[in-house]
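Fit chain B to the supplied structure of chain A, relying on the hints for placement.
Chain by chain, the residues:
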Amino acid sequence: MTQTLASLAPAPRLRGLAVLLFVLALAVLPLVLPGRFWLHIVSLTMIYTIFVLGQNIVTGWAGMLTLGQAAFVGMGAYTSVILTMQYGVPWPLAALAAGAVAGITGALLSIPCLRVKADFLSLVTIAFNQIFFVVANNWMDLTRGPMGIPGVPAMGAFGWQATTATQQFWLILAVVILLFVIVGRLTRGPIGRAWKMIRDDEIAAGTIGVNVTGYKVLAFGVGCFLCGLGGSIYGHYMRFISPDMFKLEESLLLMQMAILGGLASMPGTALGVFLMIAIPEALRSQEPWLITARPGIAGAMLVLLMIFRPNGLLGLGETPPVLRKLRAALPWGGAK
Amino acid sequence: MVYYLEQLSNGLAIGSIYALIALGYSLVYSILNLINFAHGYVIMVGAFVALQLLALGVHPALAVLLACCSGALIAMLVERIAYRPVRHANRVIPMISALGAGLVLSAAAQLIWGPEVRSFPQLIPRFPVEIGGINLSSQSLVILAISVVLVVASSWFLHRTRFGLAAQCVRQDMVAAQLMGIPVNTVIVAIYALGGFLGVAGSILFAMYFNAVFIQMGLLATTKAWAAAMLGGIGSFQGAFWGGILLGLAETLAVITVGSAYRDGVSMAIIVGVLLLRPAGLFGTTIKERS
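Sequences listed follow chains A and B, in order. Each residue of the first sequence is one higher than the one before, starting from 1403 at the first, in our numbering. Each residue of the second sequence is one higher than the one before, starting from 67 at the first, in our numbering.
Derived by calculation from the structure, the hints in this document are not laboratory data. A hint or two may mislead.
Across the chosen pairs, the derived CB separations fall in these ranges [to be verified]:
#, chain 1, residue 1, chain 2, residue 2, range
1, B, F276, A, L1685, 33 to 39 Å
2, B, R228, A, P1592, 51 to 57 Å
3, A, L1428, B, H154, 38 to 44 Å
4, A, N1540, B, I200, 30 to 36 Å
5, A, G1608, B, H154, 18 to 24 Å
6, A, D1602, B, P126, 51 to 57 Å
7, B, R146, A, F1424, 39 to 45 Å
8, A, G1586, B, I322, 50 to 56 Å
9, A, P1492, B, T323, 38 to 44 Å
10, B, F276, A, L1498, 38 to 44 Å
Every value quoted in this text rests on a predicted model; they were computed, and no experiment measured them. Just so it is clear, CB atoms sit at the ideal spot from N, CA and C, and this is done for glycine as well.
The shape of chain A in the complex, shown without the other chains (with noise of 0.2 Å):
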């Protein structure tokens, strides 16, 4: 009788236990896969989950569009390099640094076009990331340019340094599922709030009191130090950066893999990182058309979802009733 649509939702409890369930499987993943080609597959989605994340808080939650991310991902992986390498900074000093600089750049960069209207921020995002690239390309002293920077050291902190596969994969799974809760605290809580409610209605939000300008450059810059962080465990993962790394169509990528997954939904960006990065990297050497086409697909896909489906797979928002119920039968579906 009193069936809502919260009571259609799994219990809490349920919900926790299969996240526990799904974390202790990729725990043990390194235990059970066959070889080390699995297990940097793996890795690596981990790592872009991380640059997703901080993509989807900025669009999904924020509802700001940015496709400038890999300039920030780029800014985080050079800083925290360029510590390690030059000024022997034991890395997570390094990486909270580059976090740092990439969102402390992003909250300035951002805000003379909050000012004005969000729209600016993608095109200033846009000429960010392509200066980013002729920087990165030119500073010869700094960043040996196309060379790329070689041999960068492992990450690790007190003498001890992840130098196997298996480390490497134990430590990024540590700190992707850290940041998944601070994330969660975060959206769930007031500034979280606060950036749904600017997103759905800004003129309301800014009414009542909300600081829009605010929190859209706080949204921002948290979204950019997120990425900052993950481009250092990127660098320190792949041991070697260089320029094209961070190229603007990597930037639109991470949007994509956000918007494809689900907007403001955390089980989202792991999906839109897994179709868009493990599938076609997985499938890389039976058919290798499918990186160049990967691009073209999801944006096909993009039109398709913007017309039925705005908020992405599994963002919130109006679901027809037989999806709904699909989605409640799943761990992670239920009631937003």
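Just chain B now, kept in the frame of chain A:
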């Protein structure tokens, strides 16, 4: 001094190309308040179509005309498939579907023509022209002339014809225009087509000027065209033109003073500068806010 004057003509030529591309963005923005991210990709495909037609041995003038028409056609298709269904949705949604459509075009172009940078045949003969002791490039002069003719013709079309009047009504109030019996959808499609036509003309001139056609040129042109449109005032027809010219001059100045690597930085600086100091641009009045 002579050197600077010679460079000035290059700046004017490249600036007029940016103006042609910027018009496509500015026209759509003035009517729909939408950053049409697909535009850059549409004009890139148009440049490749021109290249392909020329390679097939089509007469150059006909090839260029056909390519421009193909740009108009693709722009119309994109409007029909990716924009019209989501025109009234939240602002971010048409922008995303625009990008999606653009990425489809980009992947298709890459599968057909490959990722390499192609050279573009020099359809305009290149020789020095001496005017009053200054050596100018014939190419720059012809590019400038073509752009000015196209801009003047479009300006006449948008300000002096019945269609132009309808477009202005739609721009001021779409609902009221519809109630007055103006076929709003037709007007919007025509605006997209005009933008695509001018944009491909611009991208072909761009390809000739830099002797290069490549997949990324669309997005590169996007940043520059937007810098031009914002400098002049978004939505303003004259603004887009003068903004383009000023951007071309500023870039050329940057190239001869700082170095060519930082050419692309100018547009970024202009976008941020305009947003900080005068969001409405030099010729615009206000920025419309739609929520």
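These are the hints, each one checked on the structure:
1. Between B/F276 and A/L1685, the C-beta spacing of about 36 Å keeps the proposed range 33 to 39 Å intact.
2. Distance hint check: the CB atoms of B/R228 and A/P1592 are about 55 Å apart, consistent with the given range 51 to 57 Å.
3. Separated by about 42 Å at the C-beta atoms, A/L1428 and B/H154 satisfy the suggested range of 38 to 44 Å.
4. For A/N1540 and B/I200, the hinted distance range of 30 to 36 Å is satisfied, since their beta carbons lie about 32 Å from each other.
5. With their beta carbons about 22 Å apart, A/G1608 and B/H154 fall inside the hinted range of 18 to 24 Å.
6. The hint said 51 to 57 Å for the Cβ distance between A/D1602 and B/P126, and at roughly 53 Å that hint holds.
7. Under the hint 39 to 45 Å, the C-beta atoms of B/R146 and A/F1424, about 42 Å apart, fit the expected range.
8. Judged by the Cβ atoms, the range 50 to 56 Å given for A/G1586 and B/I322 holds: they are separated by roughly 53 Å.
9. Taking 38 to 44 Å as the suggested C-beta distance range, the pair A/P1492 and B/T323 conforms, at roughly 42 Å.
10. Checking the proposed 38 to 44 Å range against B/F276 and A/L1498 shows it holds: the Cβ atoms sit about 43 Å from each other.
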